[in-house]
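Asker: Below are the chains, spelled out letter by letter.
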Amino acid sequence: MTWARYFKYALTNISTNRMIHAISMGTITISMVLFGAFVLFFVNVSNLVMEWGHSSSMSVYLKDGIKQDAKQRIESALINLPGAEFKGFISKEQALSDLMETLGPQSGILTGLTRNPLPSSFEIAFRDVQRLQLDPKKIKEELEKLEGVDEVQYSEQWLERFEAVIYVIKLVGLIVGSLLSVAVLFIITNTIKLAIYSRRDEIEIYKLVGATDWFVKAPFLIEGALQGIIGAVLALLILFGMYWLFSLKTIRVSGLPLMDIVFLPNGHIMFILCLGLVLGLMGSFVALGRFFRFFD
Amino acid sequence: MIQLFRVSKTFGANAALKDISLRIRKGEFVFVTGASGAGKTTLLRLMFGAEQPTEGQILINGINLNRISRVNLDLLRRGIGFVFQDFKLLNKKSVFDNVALASVVCGERFAITKKKTHQILRAVGLANKEQAFPLQLSGGEQQRVAIARAMINNPLILLADEPTGNLDPDVTRDIMLLFRTINLRGTTVLIATHSRELLENTDQRIVVLSKGMLQ
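One line per chain: the protein sequences are A and B, in this order.
Taking this note's numbering, the leading residue of the first sequence gets 3, the next gets one more, and so forth.
Taking this note's numbering, the leading residue of the second sequence gets -19, the next gets one more, and so forth.
Hints are not guaranteed to be accurate.
[As the list claims (entries may be wrong)] Okay, the calculated bits of chain A under chain B, using three or more residues with CB under 8 Å as the criterion:
1. 112 to 121
2. 202 to 211
[As the list claims (entries may be wrong)] Result set (DMTMM-like, lysine to aspartate or glutamate): computed pairs, CA atoms no more than 25 Å apart in a straight line:
3. 94/A <-> 137/A
4. 95/B <-> 152/A
5. 94/B <-> 215/A
6. 73/A <-> 152/A
7. 94/B <-> 206/A
8. 73/B <-> 215/A
9. 10/A <-> 87/A
10. 10/A <-> 150/B
11. 68/B <-> 143/A
12. 96/B <-> 206/A
13. 109/B <-> 153/A
14. 10/A <-> 110/B
15. 73/A <-> 203/A
16. 109/B <-> 150/B
17. 72/B <-> 203/A
18. 96/B <-> 204/A
19. 68/B <-> 215/A
20. 72/B <-> 215/A
21. 219/A <-> 88/B
22. 95/B <-> 121/B
[As the list claims (entries may be wrong)] So the derived list for chain A, only partly shown, Cβ under 10 Å to chain B, looks like this:
23. 11
24. 18
25. 94
26. 96
Hints in this document: simulated from the structure, not taken from any laboratory.
The structure displayed is predicted, hence computed values, not measured ones.
Note that CB positions come from ideal geometry on N, CA and C, so glycine has one too.
Next comes chain A alone, as it looks inside the complex (with noise of 0.2 Å):
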């Protein structure tokens, strides 16, 4: 008997037990769309960090009513800051004018304003902070001392918090992954459990004329492994249209852009396709070691 033929007989039980098959792919693919909800979640949230970790950015925020001088003493303080990069400065108009084109449709709520709220600001860049050991909190102490400076900000503090957040995350990520991977292995064990239970007639009539276990197990097999790997191909299929259904490419919160996301990327989509096939695979094969047992 040659793998082909095994092939054959599993396509052609497919075929024979449509509805018992397509009740195990609904049930693997229920389970797919949730594993992969999840890794695609993660997958953003990782990204996120990472961009935010690649470069650090600085706002030095102005009194009002700084006098022209004392502005001019802290530009050539931050032009000549070991390390960074001038980026500019920002009047009070331009961060207001800033703020509505991002609000977008949502900027009528800053009209009813009767006096512009926003500070002005020098903005500066630090490029690869770690490999120059720099520490953005000692510069912001230092740059908090100069006259006419109202308040630092730098988004490693934003990072540093994200960071704990993304340790949670990973940890609550391995356990829950972990904990999915097991419900889902469990979950398709018994549907094709099940499944098999409904042909026990067919296994015991095999086994009558004479055929040996790996005869009747290998087709049950490639069918384990078929509707794994069919079901996770419509589990990417169904969380891609909801990706794209939703045109979930940028997340925003009150309206200000958080960030872009992104579908799984090819990687990842191997690994899902892998799984499922492995975990039709183990699934017919746990299934199939204890309905022979209970045959025996």
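Knowing the structure of chain A, use the given hints to seat chain B on it.
Answerer: Structure of chain B alone, referenced to chain A:
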């Protein structure tokens, strides 16, 4: 061909067979009879390797079933045809596929399987029903399909458990004629039955079981 030495089989506290010693020669036609619960089916299942004896030894063509590996048991079964009272056919497969199955599991090439299946279905009078499904056939026709499946590999032994239990007298006669023909070709045939009609006017050997013991 078939030898049983002091074979006993118990299920929990119930003894299905007690101290059975029996020898069936090659080419013999044997009826095993007895009341319901006498142990006929258990005896056939032991000979087929579907059950292990609690005590004693069973030899099929010189092979001890107590010492046979699982794979070798599968291979041995290919040389033993088994016909059941409830036919045990795959209702979702055609008559052709049901019969061909026993050849396919032996790893036979499809061209040979196809030829053998045509031949055996012609022999049991079902050449025109190849593409029908079991549930479209009468009880007698279904039993013929089961016999064809049991015979496709030219087995050395044919075991039949109440093969006419669900059939009317005319069909029973036809089926028995088929078993005779198979036996005349050299196959050892063992039929378990509780039907008195089947045993009337027969010159074949009759083994009688009563409460698990040979009479």
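Asker: Decide, hint by hint, whether the structure agrees.
Answerer: Hints and how they fare:
Coverage of a stretch by a chain is defined here by at least three residues with a beta carbon nearer than 8 Å to that chain's beta carbons; for the stretch 112 to 121 of chain A and chain B the count is 0, and the condition is violated. Coverage of a stretch by a chain is defined here by at least three residues with a beta carbon nearer than 8 Å to that chain's beta carbons; for the stretch 202 to 211 of chain A and chain B the count is 8, and the condition holds. With a C-alpha separation of about 28 Å, the suggested pairing of residue 94/A with residue 137/A is violated against the 25 Å cut-off. For the proposed pair residue 95/B and residue 152/A, the alpha carbon gap of about 96 Å is over 25 Å, so the pair is violated.
Annotation: proposed proximity of residue 94/B to residue 215/A holds, straight-line Cα distance about 24 Å (limit 25 Å). Between residue 73/A and residue 152/A, the direct Cα distance comes to roughly 12 Å. Compliance with the 25 Å bound is thereby established for this hinted pair. Of the supplied pair hints, the one linking residue 94/B and residue 206/A holds, its CA atoms being roughly 23 Å apart against a limit of 25 Å. Restraint check for residue 73/B and residue 215/A: satisfied, since their Cα atoms lie roughly 21 Å apart, inside the 25 Å limit.
Taken as a hint, the residue 10/A and residue 87/A pair is broken in the structure, with Cα atoms around 66 Å apart against an allowance of 25 Å. Simply put, residue 10/A and residue 150/B have alpha-carbon atoms about 41 Å apart, too far for the 25 Å limit, and the pair is violated. The suggested pairing of residue 68/B with residue 143/A is violated, with an alpha-carbon distance near 87 Å, which exceeds 25 Å. This hinted pair checks out: residue 96/B and residue 206/A have alpha carbons roughly 23 Å apart, not beyond 25 Å.
Between residue 109/B and residue 153/A the alpha-carbon distance is near 93 Å, which puts this suggested pair outside the 25 Å criterion. Distance hint between residue 10/A and residue 110/B is fulfilled; the C-alpha atoms sit about 21 Å from each other, no more than 25 Å. With a C-alpha separation of about 89 Å, the suggested pairing of residue 73/A with residue 203/A is violated against the 25 Å cut-off. Using a Cα cut-off of 25 Å, the hinted pair residue 109/B and residue 150/B holds, with the two alpha carbons roughly 20 Å apart.
A hinted pair counts as satisfied when its Cα atoms are at most 25 Å apart, and residue 72/B with residue 203/A qualifies at roughly 11 Å. The suggested pairing of residue 96/B with residue 204/A holds, with an alpha-carbon distance near 22 Å, which does not exceed 25 Å. Between residue 68/B and residue 215/A the alpha-carbon distance is near 19 Å, which keeps this suggested pair within the 25 Å criterion. For the hint pairing residue 72/B with residue 215/A, the CA-to-CA distance comes to about 21 Å; that is within 25 Å, so the pair holds.
Restraint check for residue 219/A and residue 88/B: the C-alpha separation of about 18 Å stays at or below 25 Å, so the hint holds. Distance restraint check for residue 95/B and residue 121/B: the Cα-Cα separation of roughly 20 Å lies within the 25 Å cut-off, and the hinted pair is therefore satisfied. Below 10 Å, beta-carbon pairs count as interface contacts, and residue 11/A has one with chain B at about 9 Å; its hint therefore holds. Interface restraint check for residue 18/A: the shortest CB-CB distance to chain B comes to about 5 Å, inside 10 Å, so the restraint holds.
Evaluation of the residue 94/A hint against chain B yields a violated restraint, the C-beta minimum of about 80 Å exceeding 10 Å. Interface restraint check: residue 96/A against chain B, minimum CB-CB distance 76 Å, threshold 10 Å, status violated.
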